[in-house]
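**Q** Sequence:
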Amino acid sequence: MSAPHSQSVFRAEKFASSKQVKQMYWPTPQDYNEAIQNPEFSFEDQALKNSNAELTPLGLPKPVSGAFASVYRFDTGVKSIAVKCFLRNVYDQHNRYQQLSQFMSVNHVPYIVDFEYLLKGIQINQNWYPILKMDWVEGQPLDQFLRKNIGNRSSLERVIKQFARMMKELKKAGTAHGDLQHGNIMVCPGDMRLVDYDGMFVPALSGQDANELGHPNYQHPMRSALNFDNRLDDFSAWLIHSSLIIIMLDPELFKRFDGGDECIIFRQSDIKDTDKSRVFRDLANHQHPEVKARVALLKRLMNCPFSKIPAFDEFAPDLESIAQELRPQEIYLAGKPDWMRPGGLDVNAKAIKEATQQKQQLPQPPKRPVPSNLKQAPRLPQEIKWPTLEQYEKAVLAPGSSFSDVALANARPVVSDRIIGKHGVIFQVSSGENTFALKCFLHPFADRNYRYTEIKNFAKGKSGKHFVDFDYLEHGIKIQGVWFPCLKMEWLSGETLDVYAS
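Taking our numbering, I'd label the letters of the sequence shown as residues 1 to 502.
I should point out that these hints are in silico values taken from the structure, not numbers from a laboratory. Note that this is a predicted model, so its numbers are computed, not measured. Check the hints yourself; a few may be wrong.
Said to hold, decoys possible - The list that follows gives simulated cross-link-like pairs (lysine to aspartate or glutamate, DMTMM-like), each with its CA atoms no further than 20 Å apart: (1) Lys462 x Asp143; (2) Lys62 x Glu157; (3) Lys161 x Glu390; (4) Lys292 x Glu262; (5) Lys171 x Asp229; (6) Lys148 x Glu169; (7) Lys62 x Glu34; (8) Lys456 x Glu212; (9) Lys460 x Asp471; (10) Lys79 x Asp45; (11) Lys62 x Glu40; (12) Lys460 x Glu252; (13) Lys465 x Asp229; (14) Lys292 x Glu252; (15) Lys478 x Glu390; (16) Lys460 x Glu490.
Please model the entire structure based on the sequences and the hints provided.
**A** This is the structure we're talking about:
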């Protein structure tokens, strides 16, 4: 059964603010949690004003959080609505959603859920930030579905057919999702749905770069931001479709390769180096000929240029012939940097010379968009005088008004000594029965938030036992009315290796 015709809306009212943003960063998950608890005052949208967010047993909002957004479920009394709150300010995001909305208003893509992009979405500290409002999807993410249905051949066959049909419809419409992965594919009663449209391609966006590269466990190793057209999903489609067929033919493989742990069976490490991959080695020796054929195809796809990936086709009559059509020379060169390719040194030298000559002729780049009620952008880290060591010490000694984190606000320094490094200073603080290490940064770093988010996500896996639990607080410590980031982590009692060795 197909979804109803998507009636997507882009709402971008003009409005002004009487107060400029004092914070230097985008809202944090904690900011959103606090605002969500007061929908009547936090939202402009009337349906959201009169709705209630899903809560935890403790009575707090219950978000589904990822690296780039937090999603909340609201009950309007008539239906459930998903509200997506963005954790970073993505350049040109409002324009992309406008183009996507216009495209969906005239094109029937049954797998896209109705949505509204609200530029005046949620109010935090008297400033408005965008949100995405969409129908709540009743279903299971693909990984959850597989964990519950592995070994049920009829269910897997149905999902495989639904996935292939969905990819055919997307290709027919001339669009691509951009981040096909287990968490964005919902298995619903009747059919599939796709969620998370941040990186979608529609024809009106032709010529632009991608604003994200998708989940690394599902993307071609040589995909870049320059690859942004309706072929964007072909590799991911081949990978997902083949993976589903493989675990349908041999369900034990799903358990053997820890399927459902941020993947179906293949991970980024397998995709980047197929020759060293245990998964590829074991599957290449599998007794089932279809499994061998699928693995041979995927191995060729992973080692060929992104532009040479054939269009996804569930009815490909001969997988081996498709693999053979990918010429070995192209595969070899695909993994090489430009300067190692034939004539690469000359080409690079010429390109550098031309770029140098043209650089002085280029106009100044346009200013990036800012939250819609601002007359000027929040100050960037390099435009703000970064705190000194003495300022950090003073703030730590008066934690109540210096921290947004409740535990840190109630904490006290354990000792006056601090550990000073090249990029930060670490204080030992105590809050109740817990002792924390508080790292305050001595220098700005543009994508520090993104890096720590990726590290924290990685630490949730098997390697997590080697990591200390931590929280990166973007609105961490307030100094002279401005919020600066800090890192809160468990305090370790032990010796560093050099001290131990001595």
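**Q** State for each hint whether it applies.
**A** Status of the hints after comparison with the structure:
{"no.": "1", "hint": "Lys462 x Asp143", "verdict": "17 Å, holds"}
{"no.": "2", "hint": "Lys62 x Glu157", "verdict": "34 Å, violated"}
{"no.": "3", "hint": "Lys161 x Glu390", "verdict": "63 Å, violated"}
{"no.": "4", "hint": "Lys292 x Glu262", "verdict": "23 Å, violated"}
{"no.": "5", "hint": "Lys171 x Asp229", "verdict": "11 Å, holds"}
{"no.": "6", "hint": "Lys148 x Glu169", "verdict": "27 Å, violated"}
{"no.": "7", "hint": "Lys62 x Glu34", "verdict": "12 Å, holds"}
{"no.": "8", "hint": "Lys456 x Glu212", "verdict": "19 Å, holds"}
{"no.": "9", "hint": "Lys460 x Asp471", "verdict": "13 Å, holds"}
{"no.": "10", "hint": "Lys79 x Asp45", "verdict": "15 Å, holds"}
{"no.": "11", "hint": "Lys62 x Glu40", "verdict": "18 Å, holds"}
{"no.": "12", "hint": "Lys460 x Glu252", "verdict": "24 Å, violated"}
{"no.": "13", "hint": "Lys465 x Asp229", "verdict": "40 Å, violated"}
{"no.": "14", "hint": "Lys292 x Glu252", "verdict": "16 Å, holds"}
{"no.": "15", "hint": "Lys478 x Glu390", "verdict": "14 Å, holds"}
{"no.": "16", "hint": "Lys460 x Glu490", "verdict": "16 Å, holds"}
Hint violations for this structure: numbers 2, 3, 4, 6, 12, 13, all remaining hints satisfied.
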